[in-house]
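Chains as they are written, first to last, in the working numbering: chain F, 1 to 192; chain U, 1 to 51.
For the chain F half of the interface with chain U, some residues (derived, Cβ under 7 Å), not all of them:
{"#": "1", "residue": "Pro37"}
{"#": "2", "residue": "Ile40"}
{"#": "3", "residue": "Leu41"}
{"#": "4", "residue": "Ile47"}
{"#": "5", "residue": "Asp82"}
{"#": "6", "residue": "Cys165"}
{"#": "7", "residue": "Gly168"}
{"#": "8", "residue": "Cys170"}
Derived Cβ-Cβ restraints for the label pairs, each shown as a range:
{"#": "9", "chain 1": "F", "residue 1": "Phe125", "chain 2": "U", "residue 2": "Arg20", "range": "22 to 30 Å"}
{"#": "10", "chain 1": "U", "residue 1": "Val37", "chain 2": "F", "residue 2": "Ser145", "range": "27 to 35 Å"}
{"#": "11", "chain 1": "F", "residue 1": "Leu102", "chain 2": "U", "residue 2": "Ala23", "range": "34 to 42 Å"}
{"#": "12", "chain 1": "U", "residue 1": "Glu22", "chain 2": "F", "residue 2": "Ser92", "range": "43 to 51 Å"}
{"#": "13", "chain 1": "F", "residue 1": "Met1", "chain 2": "U", "residue 2": "Asp45", "range": "40 to 48 Å"}
{"#": "14", "chain 1": "U", "residue 1": "Arg40", "chain 2": "F", "residue 2": "Ser145", "range": "31 to 39 Å"}
What the hints contain is simulated information worked out from the structure, not anything from laboratory work.
The structure displayed is predicted, hence computed values, not measured ones.
Virtual Cβ for every residue (Gly too), placed ideally from N, Cα, C.
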Amino acid sequence: MTSDLSRLLNALGLVAVDTVLVLAFADQLWFRDLPCPICILQRAGFIAAGFGLALNLMFGPRPSHYSLAILGAMVGSIVSADQVLHYIVPGSGAYGDAIFGLHLYTWSLIMFVAVVLGSAVMLLFDRQFDTAGPLPWRLKVLPMSAVALLALLTLGNIASALAICGAGLCPEAPSGYLIFHENLGLALAKTP
Amino acid sequence: MMSLPFLLFACGLAAAWTSRREAAMGFWVAGVLVLLVLFRFHATDVLNLGL
Numbered sequence: 001m002t003s004d005l006s007r008l009l010n011a012l013g014l015v016a017v018d019t020v021l022v023l024a025f026a027d028q029l030w031f032r033d034l035p036c037p038i039c040i041l042q043r044a045g046f047i048a049a050g051f052g053l054a055l056n057l058m059f060g061p062r063p064s065h066y067s068l069a070i071l072g073a074m075v076g077s078i079v080s081a082d083q084v085l086h087y088i089v090p091g092s093g094a095y096g097d098a099i100f101g102l103h104l105y106t107w108s109l110i111m112f113v114a115v116v117l118g119s120a121v122m123l124l125f126d127r128q129f130d131t132a133g134p135l136p137w138r139l140k141v142l143p144m145s146a147v148a149l150l151a152l153l154t155l156g157n158i159a160s161a162l163a164i165c166g167a168g169l170c171p172e173a174p175s176g177y178l179i180f181h182e183n184l185g186l187a188l189a190k191t192p
Numbered sequence: 001m002m003s004l005p006f007l008l009f010a011c012g013l014a015a016a017w018t019s020r021r022e023a024a025m026g027f028w029v030a031g032v033l034v035l036l037v038l039f040r041f042h043a044t045d046v047l048n049l050g051l
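All chains, full assembly: derive it from the sequences and hints.
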């Protein structure tokens with residue numbers, strides 16, 4: 001596998017991670033489904049995993065970058081597995097709405113495992129680590145767009161976490177945007 | 001507090017964008033450590049698995 005093909009596959013992987021984060025924002029803003037603290041940490045896990053893929057795109061593929069993606073995904077999978085185990089016993093309830101029969105934390109766990117598997121498979125191809133020249137401009141558009149979107153989503157999550165949790169730790173089941181309740185007296189989210 | 005890991009990852013991406021790879025990886029490590037600490041604070045319920 002050439003370095004260029006590896007970068008293309010990394011770009012597609014990062015687009016998949018970006019898509020997960022965009023869908024999470026859509027669920028939060030469109031359906032007014034506020035994320036729980038553990039859900040916010042799962043988003044951070046996706047960014048940690050995507051970070052390794054982004055480094056592959058910016059500096060060229062290296063085993064250490066895949067390592068970051070795998071470790072980030074493993075941390076994220078620990079967080080999502082904890083939430084899955086909370087609701088795995090029949091009758092123990094769930095958090096949020098199901099999408100295609102599975103809740104968001106279950107989809108998260110599946111995606112984290114996919115990132116680990118994908119990165120492990122990519123590590124099998126040694127030729128991608130040969131020194132490669134700079135990417136031609138036409139091959140840069142998708143990778144750089146994916147990295148820019150990851151950066152934008154990271155900034156969006158800073159604002160979102162600040163709005164939901166304020167400056168401290170998050171309430172277990174947020175019922176509104178704490179920062180507006182506390183600082184401006186506004187209630188933008190759905191009322192219980 | 002919950003925005004701290006995102007802030008560190010954003011700093012890491014900014015460092016990577018300006019070609020400072022080691023700094024980017026340092027911010028990533030810091031972000032993951034903060035993520036784990038926050039998880040420790042929030043994962044306080046005992047799992048109801050009855051093992």
